[in-house]
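Colleague: Since the structure of chain A is provided, determine the placement of chain B on it from the hints.
Number of protein chains: 2
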Amino acid sequence: MAMTETARRIVLAARPVGEPRESDFRLETFAPPQPGPGQMLLRTLWLSLDPYMRGRMSDAPSYAAPVEIGQVMEGGAVSVIVASNVAGFAPGDLVVGRTGWQTHALSNGKGLRKIGRDAPITTALGVLGMPGMTAYTGLLEIGRPQAGETLVVAAASGAVGSVVGQIAKIKGARAVGIAGGPEKCRFVTEELGFDACVDHRTPDFAERLRAACPKGIDVYWENVGGEVFEAVFPLLNFFARIPVCGLISQYNATEIPMGRIGVPQLMRAVLTKRLTIRGFIVSDFAAREAEFHRDMTAWVRDGRIKYREHVVEGLENAPRALIGLLRGENFGKVVVRVADADGAA
Amino acid sequence: MAMTETARRIVLAARPVGEPRESDFRLETFAPPQPGPGQMLLRTLWLSLDPYMRGRMSDAPSYAAPVEIGQVMEGGAVSVIVASNVAGFAPGDLVVGRTGWQTHALSNGKGLRKIGRDAPITTALGVLGMPGMTAYTGLLEIGRPQAGETLVVAAASGAVGSVVGQIAKIKGARAVGIAGGPEKCRFVTEELGFDACVDHRTPDFAERLRAACPKGIDVYWENVGGEVFEAVFPLLNFFARIPVCGLISQYNATEIPMGRIGVPQLMRAVLTKRLTIRGFIVSDFAAREAEFHRDMTAWVRDGRIKYREHVVEGLENAPRALIGLLRGENFGKVVVRVADADGAA
Chain A
23 MAMTETARRI
33 VLAARPVGEP
43 RESDFRLETF
53 APPQPGPGQM
63 LLRTLWLSLD
73 PYMRGRMSDA
83 PSYAAPVEIG
93 QVMEGGAVSV
103 IVASNVAGFA
113 PGDLVVGRTG
123 WQTHALSNGK
133 GLRKIGRDAP
143 ITTALGVLGM
153 PGMTAYTGLL
163 EIGRPQAGET
173 LVVAAASGAV
183 GSVVGQIAKI
193 KGARAVGIAG
203 GPEKCRFVTE
213 ELGFDACVDH
223 RTPDFAERLR
233 AACPKGIDVY
243 WENVGGEVFE
253 AVFPLLNFFA
263 RIPVCGLISQ
273 YNATEIPMGR
283 IGVPQLMRAV
293 LTKRLTIRGF
303 IVSDFAAREA
313 EFHRDMTAWV
323 RDGRIKYREH
333 VVEGLENAPR
343 ALIGLLRGEN
353 FGKVVVRVAD
363 ADGAA
Chain B
23 MAMTETARRI
33 VLAARPVGEP
43 RESDFRLETF
53 APPQPGPGQM
63 LLRTLWLSLD
73 PYMRGRMSDA
83 PSYAAPVEIG
93 QVMEGGAVSV
103 IVASNVAGFA
113 PGDLVVGRTG
123 WQTHALSNGK
133 GLRKIGRDAP
143 ITTALGVLGM
153 PGMTAYTGLL
163 EIGRPQAGET
173 LVVAAASGAV
183 GSVVGQIAKI
193 KGARAVGIAG
203 GPEKCRFVTE
213 ELGFDACVDH
223 RTPDFAERLR
233 AACPKGIDVY
243 WENVGGEVFE
253 AVFPLLNFFA
263 RIPVCGLISQ
273 YNATEIPMGR
283 IGVPQLMRAV
293 LTKRLTIRGF
303 IVSDFAAREA
313 EFHRDMTAWV
323 RDGRIKYREH
333 VVEGLENAPR
343 ALIGLLRGEN
353 FGKVVVRVAD
363 ADGAA
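Residue numbers (this note's numbering), protein chains in the order written: chain A, 23 to 367; chain B, 23 to 367.
Hints are supplied without guarantee of correctness; some may be wrong.
Because identical chains share one entry, a pair is satisfied inside a single copy or across any pair of copies.
Unchecked claim - Below, computed lysine to aspartate or glutamate pairings styled on EDC-like, alpha-carbon distance capped at 20 Å:
#	residue 1	residue 2
1	K191	E27
2	K295	D306
3	K295	D81
4	K193	E212
Keep in mind that the hints were calculated from the coordinates and are not lab data.
Bound-form chain A, shown alone (with noise of 0.2 Å):
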């Protein structure tokens, strides 16, 4: 790397209201920046979106923090170390962190992750990463799906909800996916295997989404809310389970309507059926990671869980790209090619 070099990062100019627009990022240009003693100089090959960056850009209390205007994106990312000061960290090696939307970024070490060259590098970003380890500790902890049972779960084509799916039917579950057009509900059968999937574009949604599941519905995996939830609720059988992981459809709403289904409803349903509804992010089960890491590296080697990548070239297209992935644009797991594996942008 010539010292000449210049860093990019995309930076938030303005909370959105509403949908984000590409005025809300701003693209900025910097010094590579040196390394200090216990420091090291990351140089970003791959940087994931995924669908909790428009929480971020919101300063509405949330579990984490909002980024600041000014403030580079947060994202996670796999670079390569360009330099290193800290021990355990050599140049060349790769890690995958939440190192932001940034061609270069510092990094004592604290978060980062080796990952090695013998599955696809941007794996850690998806289906051996956060989205990964997300599908697989709600699913184990509070999806809990049995041999026989029926989990549904939308976004079936996306990086969470695909592992989901997969994982339900590895453990002996039916799936039934929901997904936007019959491109994607293609995929989510015949190439991910599950045993139905819906379009949620169609008008009879909800009826086509009850004789999918003619066992009703023991787990519904959220991640969408919206008319998609109302859809489910009638379905819902007892000792049904909820891991609550994201509410897409809300994420750019500017005033979130009431819905057809009230709380008192939905209360005497949770009663009466003794359902489980529970929210989660991945860092709440921090302590399944190595088991995750275990179990998902073979089950992708073994070809038993599949994924898709929807790959956008170049940084300065990742604004673009996040705000068609709050839309449903996408077409699997979004990674931003930042440079080549060379570290040539």
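Modeller: Relative to chain A, chain B alone:
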């Protein structure tokens, strides 16, 4: 017992619309049945009245089949065995079981539990019976109050709520009760030892509840729903647990209002605060019955769990008393004296 004695029972005469009326019940007389082989004849001493009975009067879908029109009302009772052809059950033995609103019942022994005379026998319907076990199991399985946490429970002077708060205290948590009127609130704090009690009839109830929970709410024992839930909702802490045990505010409703909080808002809080909402009924945790009897018997004996009973005289007054229970007119666990311990009505 003379064979000319007349037995009495209360049957469901009509399904109530809204609040039950006395005309929804009918008192009938019948000849005391003769126990056949493998049967015994029971004489009811005490009948328990509990909120769940309202659900059995309705044919709306629920976890249990409704009482049919003309059938004896369901209910738990303490009885003395009059005559027995069942091994292990002898005349004079006391038993508790779901023998219904009647002076006499036949049983094959299934579902009956023999009780001693060391504790007052009515406790088999309250603190040492179904309500006590509901509180014990739901709190330890779902609520899991930790030392220093804050628990809130409504109907705090009642059969379940009073035990919930006292167990929370045993576990080192702060217990905040909600009750109707200053007399009940005084009992909850001064007699039961809760840290605070808020009168839900005061116009500034929500503000008072907030003031009584300066560190928020970690466990909310849901047994009422409605406006109490709406006052609790903004006070819920991260990782709060909500065992859903009952919704007495809904039981007499002909139309359940949508409420001021929408399901989308609730689910957003579930996600960002990682709440757990879980419905249960006591039989879900039947495996803990021996443990419950061991702990609760010791706690009652040691004075760590106190209770109060609301005694109704005579089976014929049970309908009126159930109507009152659903209005919150009782003060303590409601038991109906059906006959004296010597079997005299």
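Colleague: For every hint, state whether the structure bears it out.
Modeller: So, going through the hints one by one against the coordinates:
no.: 1; hint: K191 <-> E27; verdict: neither (48 Å within a copy, 64 Å between copies)
no.: 2; hint: K295 <-> D306; verdict: between (27 Å within a copy, 11 Å between copies)
no.: 3; hint: K295 <-> D81; verdict: between (36 Å within a copy, 15 Å between copies)
no.: 4; hint: K193 <-> E212; verdict: within (19 Å within a copy, 52 Å between copies)
The structure fails hint 1 only (numbered hints given earlier).
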